[in-house]
Each structure stands twice: as C-alpha cells, then as structure tokens.
Amino acid sequence: MNSRPLLDVRGLSHRFGRFRVLTDVSVRVMPGRLTALIGPNGAGKTTFYNCVSGRYVPTGGKVVFDGRDITGLPAHRVARLGLLRSFQITNIFPGLTVLENVLVPLTLRAGRGMRFWRAHHRDPALVERAEEILERLGLADQVGRRASELPYGDKRRIEIALVMALDPKLVLLDEPTAGMTPEETDRMIGLIRELAARSGITFFLTEHDMKVVFSVADHIYVLHQGRVLAQGSPDEIRGDPRVREAYLGGSLDP
Amino acid sequence: MDAIWVNLLNGLSWGMLLFLISVGLTTVFGVLGVLNFAHGSFFMLGAYLCMQAMAWFPSFWLGLLVGPVVAAGVGAVVERCLLRRVYARDLSFQLLLTFAILLVLDDGVRLIWGSRYHVVDPPAVLAGVVPMFGGSYPVYRLFLVAVGPAVGLGLWAFFRLTRWGKVIRAAAMDREMAEGVGIRVPALFTAVFTFGTWLAALGGALAAPHQSVGPAMGERIIIESFIVVVVGGLGSFPGAFVGALVLGLFESFGTLFAGRAQMALPYLVLAAVLLVRPRGLFGQEA
Amino acid sequence: MGGGSRAWLGLGLLAGLALCPLVVPMYWVFILTEVLIMGLLAMSFNLLFGGAGLLSFGQASLFGVGAYGAALVLLHGPPSLGLAFAAGVGGAALVSLVIGYLCVRRDEIFFAMLTLGFGMMLFTVAHNWREVTGGSDGLSGFALPTLPVLGLSLFDPRVMYWFTLAVVAAGVGVLWRVHRSSFGLVLRASRENRERLAFVGASVARYRLAAFVVSGTLSGAAGVLFCLFNQMATPDVMHWAYSARPVLMAVLGGSTVFLGPAFGAAAFFALEQAVTSVTDSWMIVLGAVLIPVVLYFPEGILGTLVRWVSRPGRGDRE
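Residue numbers (the numbering used here), protein chains in the order written: chain A, 3 to 256; chain Z, 2 to 287; chain S, 104 to 421.
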C-alpha cells in the first residue's frame, strides 16, 4: 500500500494586500482516494486551487506534489508534472472543433507542439487517442463541431477531456457540476465515479452542491473563512456540529 | 550656465508633460480596460484647439481652459458613439478601433490646420528668460516643472479624497463590484474617458508654447507614453509619475553622454525594464 | 471545401496571376507587383493577428530590416540575389528573435504597445545612423542582380513581377503549412484561450516567440522584394504609419480567412488609387472605412463573403 500522499499541502497561506484569504491550510490527498474540499462561498476554495495549480504564488506554506516541492511553479510546469485542473467556468478553446480541443493537449504532451510543417490532422496516433477519449466521454458524435456551438453540459465534458488527454496523476475539479441541470449533474457524477474507479486518476474536487460531494467523495475537508474547519469521512463531516454551524444548519442534508 | 542643471530642468519639464499624458492613458486603461491608441491624438488636438482659441480670444489662459474642454467633448462623443460598442469584444478590436480614431483625428487635424508647424507664444507673465546658475533659462519651462507636481497633487487628492475619485478607483479594481454597489458603469466610463482625454488635451495645450504645434506631435508622445506606462506599470498612478520622470531625465541627460544615439535611449530603458522587471516598476502581479 | 478543391483553387489563382502581365498595361504590372509584396507582408502579419490573436504595430520595421539587409549587400557586396535574400531574411529573423523575446514577455495589450515601440526604435536607427543606412535618404544607387537561372534582368518589370510572384507564392505556401501544422493548432489555441493553454502544459510565450520569428522572417522576405522592386531602401517603410498598412489590409480583407489579408492588400490598393485621385487625406478615409469594418464586419470583406456563401443550407462544415 502506498502511504505517501499524492498532494501534500502544508500550512498554505495567501493574502491579497491586507486581506487574508487562506490561513495555514493543510490538506493531504492520498492516491486513489476521491477527496473533496467544501465550504461556503468565499471560504477560499478557488484561491486554494489557484495556489496549488500555479496560478498564484502563495504568500506562505508549501505545496508538495508526488514528492516534489511545486510551490510557486508556473501553471504550465505544474501541468507537465501531472497535476491538472478543470475550471469552475467553462474553460475550453471555443473557436476550435471538439477534436482539435483534445488534440491540443495531446500534441503538447507528445512534444510535437513545435512541428511547423506536418499537418496536425495527419498524425494518426494522436487523432486516434483523441477520438478514444471523446468516445469515453460520450462526445464521439460531436468531433467536427465547433466547441462554442455545443450545449453547456457538453462543454464541461470537453473541459474534462482536455484534462484526460494529459494522462494526469491528479485532477482538481473546481465545482464540476456548477450551473448544470439535474440530468447533466447526474451524468457528471456518473462520469466522475467511473473515471475515478477505472482510469487510475486521483480526483480532488471542490463543490458546493452537497448532494454531489456526499455521493462521490471518500474524504472531505471543510474550509471556512480561509481555515480548515474539519476533515473526515462523509459521515464524520455530516455529524460534525461545527460544520453544521458554519453552514447555518440544514443544508448539509443531501 | 551649468549643463547639469539645464538638463535637469529640461528633463523635468518634459517629464511632467509625459506624466499628464500617461496618467490619463493609465486611468482609462485601469477603469475601461481599453488601451487608447488615440490618446496622443487628443494631446495634439488639445494643442491645436488651444491655439485656435487663442486666435479668437487673445489669451493663453482662456485657450488653456477652452482647448482641453472642447477636446474632452470630442472624447466624450468618441466614447459614447464608438468605444461603447466594443467593450465586450476582443481586445484586438478595441485596439483597432482606437487606432482608426487616431487615423481620423491625425488626418483631420492636418485637413483643418494644414501640415505646417505653428508657434504659440507663452503668456506675457511666463515669457522670456530668468537668470539662473550663471546663465538664463526660459520661464515657461520652469512653469511646466511646477505645473506637473501641482496637477499630480490635485489628481492624488481627487482620487484619494473625493467620492468620485474613490468610485473610479473602486471601479478600476473591480468592475463587477462597482456595478453591484449601484454605480452606473456606462456613465462612469464616459466620465473617465472624457477626463482622460481632458488630461491629454491639457498636456497638449501646456506643450503648445513649449514645442511647435504640428501634426506629428501626437505620434511622439503616444509612443513615449507607452514606454512610460510599461516602465512604470500599466494602471499605476505613481508608476506613471516615476516612469515619466525617469524617461524625461534619461532623454535630457542622454544628449550629454549619448550624442546622436540619444534618440534610442527610451527604447533601451524600455528593454532593460522588460528584462529585469517585466511588470514595470510599480506593476501589480496579475 | 475539401483538400483537393483547395489545391485547385490555389493553382488556378497562381496561374491567373502569372498570366496577368501578358494582358494588363505596364502601369498595372507595377501596381500588381506592389500588391503581391504587400500581400505577403499582410499575410505574415496575420500569422500573428489571425493566428495567435497578437496585434503587431511594428511589422513594417521587420519588412524594413529585410529591405536594408538586401540593399547593404547589393551596395557593398557582390550583385548576388541569393546573398541579398540571405542578408535581408536572415537579418529580419535575427532582429525578430531579439525584439520578439522582449515583446512576448507580457500579455496582448503590451504586445501591441511594445511592437509599436521597438518598431519605432528600428525606424530611429535607420533614420539616424547615416553612416550605414544613409539617413532619411536611405540606400539607393545599386545595380539589380540578374536571375541566376535564366540570366533575366529584374530591371524588366514583367520579370520582376514573375519573380515576386514566385517568392510570394513560396512564402504563402510556407504560411499555409505552418497554419495547418501542429504548431499552428497550438497557436490558434493560444488565441482562443491563452490561460487554458498554459494549464494544459504549454509555455505560451515560447509559441508566441516562434510565431513572431516566422512572421518576421517572412516580412523580411517581403522587404527584400520591396527593395529590389524600388531599387532602394528608405526609413519611411519602417515608420509605424507604414506598419499600419498590414494591419489595415488584414482587417479589411478578413483576418479569419487564410487569404483574407492578401485580398485586403488588393482592396487597399484599389481604394488608395481611387481616393488619392480625389483627395490627399488618405488616412482619414482609411480611418473612416476602418471604423465600420471593426464595428460591423469584424471578419472583413472576404470573411464576410465566405460566411454568406457557406451559410445557406450547408449545415455542418467538414
């Protein structure tokens, strides 16, 4: 059994000017365990993600990924090490086709981004791999369409496809079901469950839809006012009075 | 007269003009998110309108008042009729639109006032020279050296102490929030753009007696004010001040040690800052 | 449109252009040569603008480096066409590497300002370094080299035209390959969403720099042609007012269509011919045309046409 955490965040702090957004946040994500970070709006979840994924340089603390200190590394270097994130808002390449969207990360990963001469669609290995990923995410019949023309739920799945294309070790999912219809949400939950079980990728997600969190997570951290308020299994969290208080009661029940 | 002092004063007076331009550029960018390529053209327009006003009412002070106000009116029209349509669009199209406005203004000025250079006399109080450092120095340049910090101080007080100033600063930091607390953003944008063009035109009117008025005067100033805001940090008020001073002094002292290569000095300063501190001296991390 | 019909379209266009000097009056051969040269400049500019979403206001300075490189060789060196191209194109590549490195360090808004600034720096050098560049008079008075293969002289306007067409076609061919390559795909992705690209592991600045160098090199090649065409190199082609030309051509013709900028170059010249015969205020007309194009037809003439043609009843493309 591998007992080294895949992601080990130690005493992370971040401030904007005088405003402390995160204070001494420590989070461990074990490989293969679906971990979630929850908290009311403004608790600092997105800032936490930005610090971990290289968008911000945290003002204090350390981020260790897969045994390597990645604190302050720029986003593209973090991504190359296998830590990927998906975004709360749809963040894809809207003007490219669905297939091209997935080809971009595949091309980069294969180190072929600086090929100036060969046509990108004449790279059968990459195109095949792209189609395989899109098939898995149920987008196989959309490959030639411009991404911007697709409905919201499909765009979110392209987002996941972009991440999958890079064979990540750890994926940060930032509110993967935000803004989705109930059906889309159910599909997304199913997808995350399936990928977590079969793909060998570890997922770490933030979410404020409690139904989603309690139905998929193995381990939960609760962030409140920039600090870790509690952590534990879904049952432990559900029973924690401090957490109930932070959420003003009630809304924790799925 | 000591060359060091002359160059210091020359550098300061040019730096102060640069500051007036750059602070308008940087404020408009900060609030509207639009980089105005036509900003230098408003500088030029200010100079021409001041000159025209002086031809009608023979007073420099009246010209200084009327010219920039009329130019700012043009700015308001430009914002309401044109810029407003592209805020939601791609950045490139905003740049292209301001660039098209630059073409129209620059050629329009040429069409109205001709391609030749005009000389504007400073008012009688500020005409002539004063004996200084064993030589003499034009009074008008001393006036510019004094006006810069005065305007700077006035702006500082406006942004820090008045309600409008605070609103503008808040909107520059977070547009959505400004909307959320009930600021009428479209009106604010018009006001800020008008204000920015007024500052540029004021700089132009002040520059009129300092340099000759001609259709190329907008071009030099816009390029140099770009350098100022990159060096100082785009969107930063103190950055504009320090950047303008640095550039003004470099150019002025450059004539002492660099000779003909002095013309290339602003670009060398720019390259150095980009290499060492790409965010600019006062730039915030994105 | 399939790959086959695209190739036929390209060949047909090329053949039509090659036949032009046989049918049009000599005056138009000169104009067409210039249109071709500016077309290459505008298309190389559009690798940055249409391809990567970067608006360069200093493209003409690299064009000028190409022109001066060739002029210096022809003035002081052997009358070799190959050497003139090597100097002009190589010089432009080198200069774009240095300037590009500085210009891609910040985001798009800075890119526009910095290309304008450094472009004007090159103009200043060309304008003031009289010993080398001839100052505001520029460099002229050199003999035109003959074509190495057929021994034809470029002095003949028709030969100049065909030679220009060959070089421009080759340049456009390179741009087409780059546009369709893996690199081109990543570049378009950087235009679409720079931040996302960084998060899938690309150093956006590196791609932008590479695009800048390719673009600058081809602009340099256009500059060499311009030098041969005019038999001189002058600083005014490095001024930012000249850099405005490829920008306007690309926007006018359509930056989203591959051949849009070249089409824009032709439209630009037609407009210039028409306007300058009536008034000297060419710039104000350009500005007045550009404003509605930016506001209402951001895809330019060719882009809008392509959209109209492909819309009715065509359904999903490709």
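Everything labelled a hint here was simulated from the structure, so no lab data went into it.
One or more of the hints may lead you astray.
[Claimed, not checked] Calculated cross-link-like contacts (lysine to any residue; reagent style SDA-like; alpha-carbon spacing at most 25 angstroms):
1) Lys167(Z) x Glu130(A)
2) Lys157(A) x Lys167(Z)
3) Lys167(Z) x Lys64(A)
4) Lys171(A) x Val392(S)
5) Lys157(A) x Val307(S)
6) Lys157(A) x Ala110(S)
7) Lys157(A) x Leu362(S)
8) Lys167(Z) x Arg20(A)
9) Lys64(A) x Gly19(A)
10) Lys171(A) x Thr359(S)
11) Lys157(A) x Leu125(S)
12) Lys167(Z) x Leu143(Z)
13) Lys157(A) x Ala89(Z)
14) Lys171(A) x Arg124(A)
Against the structure, the hints:
no. : hint                  : result
1   : Lys167(Z) x Glu130(A) : 56 angstroms, violated
2   : Lys157(A) x Lys167(Z) : 40 angstroms, violated
3   : Lys167(Z) x Lys64(A)  : 37 angstroms, violated
4   : Lys171(A) x Val392(S) : 53 angstroms, violated
5   : Lys157(A) x Val307(S) : 23 angstroms, holds
6   : Lys157(A) x Ala110(S) : 34 angstroms, violated
7   : Lys157(A) x Leu362(S) : 31 angstroms, violated
8   : Lys167(Z) x Arg20(A)  : 18 angstroms, holds
9   : Lys64(A) x Gly19(A)   : 20 angstroms, holds
10  : Lys171(A) x Thr359(S) : 37 angstroms, violated
11  : Lys157(A) x Leu125(S) : 54 angstroms, violated
12  : Lys167(Z) x Leu143(Z) : 32 angstroms, violated
13  : Lys157(A) x Ala89(Z)  : 21 angstroms, holds
14  : Lys171(A) x Arg124(A) : 28 angstroms, violated
When the structure is compared with the earlier hints, violations turn up for hints 1, 2, 3, 4, 6, 7, 10, 11, 12 and 14 and for no others.
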